[in-house]
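Q: Place chain Y on chain V using the hints.
Read top to bottom, the protein sequences are chains V and Y. All the letters of the first sequence, read from the start, carry residue numbers 1 to 320 under our numbering. All the letters of the second sequence, read from the start, carry residue numbers 1 to 324 under our numbering.
To be clear, the hints were calculated from the coordinates, so they are not data collected in a lab. A portion of the hints provided could be inaccurate.
Claimed, not checked - Distance condition first, Cα-Cα at most 16 Å in a straight line; then the derived EDC-like pairs of lysine to aspartate or glutamate:
hint, chain 1, residue 1, chain 2, residue 2
1, Y, Lys260, Y, Asp192
2, V, Lys133, V, Glu196
3, Y, Lys220, V, Asp33
4, V, Lys308, Y, Glu127
5, V, Lys248, V, Asp163
As the list claims (entries may be wrong) - Label pairs and their in silico Cβ distance ranges:
hint, chain 1, residue 1, chain 2, residue 2, range
6, Y, Ile314, V, Val107, 40 to 48 Å
7, Y, Tyr57, V, Val140, 15 to 23 Å
8, Y, Thr313, V, Asn244, 40 to 48 Å
9, Y, Thr81, V, Gly131, 39 to 47 Å
10, Y, Tyr57, V, Asn244, 21 to 29 Å
11, V, Leu194, Y, Leu227, 45 to 53 Å
12, Y, Gln36, V, Ile134, 15 to 23 Å
13, Y, Ile116, V, Asp201, 35 to 43 Å
Cβ coordinates follow ideal geometry from the N, Cα and C atoms, glycine included.
Letter by letter, the chains look like this.
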Amino acid sequence: MSLTTNPRTTDSPKQTVSPTRRPPLTLRDRYGDRVFNIAAITILLLSILAVVYPLYFIVIASVSDPNAVYEGKVWLFPSGITTEGYERIFADSRIWNGLGNTVIYTVLGTAVSVTTILFGAYALSRKDMPGRKILMLLFVITMFFDGGLITKYLVVRDLGMLDTVWAVVLPGAVGVWNLIIARSFFEHTIPNELREAAQMDGATDFKFFFQMVLPLSKPLIMLMIMVHVVAHWNSFFDALIFLNDDSKYPLQLVLRNILIQSDVSSTGTTGGDIESYAAAQRIAELTKYAMIVVSSLPLMIALPFMQKHFTKGAMIGAVK
Amino acid sequence: MSRTIPARRARPDAALLPHRKNSLSLRLRRISRAWQLYVLLAPAVVYILVFKYWPMYGVQIAFKNYNPADGFTDSPWVGLTHFIRFVNSYQFGQVVGNTLWIAVLGLLLAFPIPIILALLVNQLQSERFKKFTQTVLYSPAFISTVVVVGIMFVILSPRSGLVNNAIQLAGGEPIFFMGSAEWFRPIYVVSDVWQNAGFSMIVYLAALAAIDPALHDAAKVDGASKLQRIRHIDLPGIMPVVTILFILAIGNLLNVGFEKALLMQTPLNLSTSEIIQTYVYHAGLQQAQFSYSAAIGLFNSVLNLALLLVFNTIARRANQATLW
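Next comes chain V alone, as it looks inside the complex (with noise of 0.2 Å):
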């Protein structure tokens, strides 16, 4: 790389004059800082731009004509606007009820994990309760060793869930993980004087937990929602294993079956002559992008509102 050619390079000994701009410590601007800082910016700017672009890409094409796509004429921005990808989708019947299903597990399935995590993770934090160590020995060793997918699979058939909502909400509702973070954001932030000044006053554990534990620990309960509902939001494999009934599919599943398998029974005529069946290919591949766009927008525009909370969720990790 030529540091000539760079700008930044260019203005830098300004930097050195001006001491607002520097941190007054450093005592000289040494070259192979800035030689770093170059390489690090430019390193930087490259990763976004490969995550940023297929993402891009898959926006513009999914409102471009599919034919043009399918020439290799769109790089940069759409070309000859057309929504019919998005219109298919929302005239696809699998689609929405796909949508209806993953609403219902995601909304039953984040009640029941983080209500079952919080109580439970609270309580394994509670240091006076005797059997802890025993009781958290008993979560820690199924982190590295389980049943496996057969034996799981089976005993969920066992118990009738089969087709069932339970067999989605269930068999995956309490990530070890998550328990051992709310664990220890308990007893980082819940002193254990305000339980004994509490426990003065005659509160039983039950009211010192739903009335002091839980409103002090919103930032935990909004990480533990956000965890869940993503994870739901975008599982399939549960689902596809324990689930036949295709009015039952969430809509990971559903997408898989277009995606991926390029089920396209009912996004296009099949049959008819060959130069037909190439259009409603492109129509097909037009309406998968719309598909990716439609289903990872509702994640993607939230993100900037989860990301503060998952920040705080990864160093309450990190801690541990």
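A: Relative to chain V, chain Y alone:
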């Protein structure tokens, strides 16, 4: 670790007890006093007993000929038959090899890249650019595996995909990426980095933020360059986190990415894309060979656990942070 000292301090009442014989009744009293905590814990315990320990108990069918009428306990014992059949089957070498390939390739690329990204982002002076980079890089983590694989199929499509359009523009021949065995591993690993590197970076950034800024200031006074500060302050500072995440990654080495591999499979790339767990899925759930596939799953779990123990021991010997 000085784990015993705080534990003893937490129960001063026990230390004050004059007579040993009272301790049993005292313990019972403490247990009954904590009943509300046990009630809170109960749903989670019931959950792991039913959905974790019951399947674990069921693993015995790997040594039996499972039939639904007899259940886990009463199915006839056949010993190591299923394991021997798996090891002798022609898929064994291929399936284990494929698993190790993508696991090791994934670890070599997907593990260091988030660390490098975090070190670079941490050096950025503009808070706003820092935040922006962070958000953009980790956004793909919120896209579902199904959609990521869907993106692969449309972008890599031989007829109309972005990548093949670019190849043709450069004068090359279109490549049928998703339908060729030799492209499965590169696509798998690159897409893994694309989707997860930014999210994994967050943990390291949190660890870097915890490093005392005075160390950096002192090093600056001594004339240390940025690279030197990364090498001698940042890296040692995040080493405990790196070690623990590495051990965890090893412990999950043979588990991760199963869903994506399954989604990426086409009849044409099976010779590289069939890994242990997808094989378990096909043999077990699609062909209903429950015992045989449970044996393969157990083989996988034991291998995983062994790797974890080995690396945890290595880390302890090297005086690094360990899991326990």
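Q: Compare the structure with each hint and give your call.
A: Hints versus structure:
1. Y:Lys260 with Y:Asp192: 9 Å, holds
2. V:Lys133 with V:Glu196: 22 Å, violated
3. Y:Lys220 with V:Asp33: At roughly 11 Å apart (the allowed maximum being 16 Å), Asp33 of chain V and Lys220 of chain Y satisfy the hint.
4. V:Lys308 with Y:Glu127: 15 Å, holds
5. V:Lys248 with V:Asp163: Holds, because 8 Å separates the two Cα atoms, which is no more than 16 Å.
6. Y:Ile314 with V:Val107: 40 to 48 Å: Holds: the Cβ-Cβ distance is about 45 Å, inside 40 to 48 Å.
7. Y:Tyr57 with V:Val140: 15 to 23 Å: Holds - the Cβ-Cβ distance for Tyr57 of chain Y and Val140 of chain V, about 18 Å, lies within 15 to 23 Å.
8. Y:Thr313 with V:Asn244: 40 to 48 Å: Holds - the Cβ-Cβ distance for Thr313 of chain Y and Asn244 of chain V, about 45 Å, lies within 40 to 48 Å.
9. Y:Thr81 with V:Gly131: 39 to 47 Å: Holds, since Thr81 of chain Y and Gly131 of chain V (Cβ atoms, about 40 Å apart) stay within the stated range.
10. Y:Tyr57 with V:Asn244: 21 to 29 Å: 26 Å, holds
11. V:Leu194 with Y:Leu227: 45 to 53 Å: Distance hint for Leu194 of chain V, Leu227 of chain Y holds at roughly 47 Å.
12. Y:Gln36 with V:Ile134: 15 to 23 Å: Distance hint for Gln36 of chain Y, Ile134 of chain V holds at roughly 19 Å.
13. Y:Ile116 with V:Asp201: 35 to 43 Å: For Asp201 of chain V against Ile116 of chain Y, whose Cβ atoms are near 53 Å apart, the range 35 to 43 Å is violated.
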